[in-house]
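Peer 1: Sequence:
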Amino acid sequence: EYGKMGKSLRNVVTPDEMYDAYGADTFRLYEMAMGLLDVSRPWNTRDVVGMQRFLQRVWRVLIDEETGELRDVESEPGDDDVRVLHRTIDGVRADMEGLRFNTAIAKLIELNNHLTKTTGDGVPRDVAEPLVLMMAPITPHVAEELWARMGHPTSLAYEPFPVADPALLEIGRASC
3 EYGKMGKSLR NVVTPDEMYD AYGADTFRLY EMAMGLLDVS RPWNTRDVVG MQRFLQRVWR
63 VLIDEETGEL RDVESEPGDD DVRVLHRTID GVRADMEGLR FNTAIAKLIE LNNHLTKTTG
123 DGVPRDVAEP LVLMMAPITP HVAEELWARM GHPTSLAYEP FPVADPALLE IGRASC
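This note's numbering puts the last residue of the sequence shown at 178; the count rises by one with no breaks.
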């Protein structure tokens, strides 16, 4: 029977198998991106690959693939990058407080897509750090590794969640 999973059908995929194949953070991200936690939803193991690609894109935006070094730039971020960042911080914070992890993840994907298009040489530290801090509740292992590569001697678990600047939110709404 297509679409069903069960022992009698011999097509069960366990969380342990998903962890072994994709890693804990990818599996966690996939589970949280599927939708609201209290709603039943179909599980398609092929969709995990999309979450794995997102994590790979975040990694490539922050880490040079050839050298393994951090690609951050000490320069100031552009105005557009700052506006998009603060809109994302505001949206992700609200979604996290409302346990809407799927929409928080969608906002992080949008931010990463924006950074991929606008930051060729690397992401300014003022944008990279909040991105990693916002990812920490969803993908703690990847976020912790990125945080350490940014040169922080202590865990990001003790860092506050980013706070959006209300003035930048208003500017962003006025220009839309």
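No wet-lab data here; the hints were simulated from the structure. A quick note: this is a predicted structure, and the numbers were derived from the prediction, not measured. Be careful, since some hints might not be right.
Stated by the list, open to error - Computed beta-carbon distance windows for the label pairs:
id, residue 1, residue 2, range
1, L171, S77, 31 to 41 Å
2, D167, P139, 19 to 29 Å
3, E68, E172, 17 to 27 Å
4, L38, E78, 36 to 46 Å
5, A96, D66, 15 to 25 Å
6, W61, T156, 30 to 40 Å
7, D123, E99, 17 to 27 Å
8, T118, A96, 16 to 26 Å
9, H143, A96, 17 to 27 Å
10, E19, G122, 12 to 22 Å
11, D123, R48, 15 to 25 Å
12, A169, D123, 20 to 30 Å
Unchecked claim - Pairs of lysine to aspartate or glutamate residues, derived as EDC-like cross-links and limited to a Cα-Cα distance of at most 20 Å, are as follows:
id, residue 1, residue 2
13, K119, E76
14, K119, D40
15, K119, E78
16, K119, D167
17, K119, E131
18, K119, D83
19, K119, E33
20, K119, D82
A virtual CB, placed ideally from N, CA and C, is assigned to each residue, including glycine.
Peer 1: Which of the stated hints cannot be reconciled with the structure, identified by number in ascending sequence?
Peer 2: Violated hints (numbers, rising): 1, 3, 5, 6, 7, 10, 11, 14, 16 and 19; every other hint is consistent with the structure.
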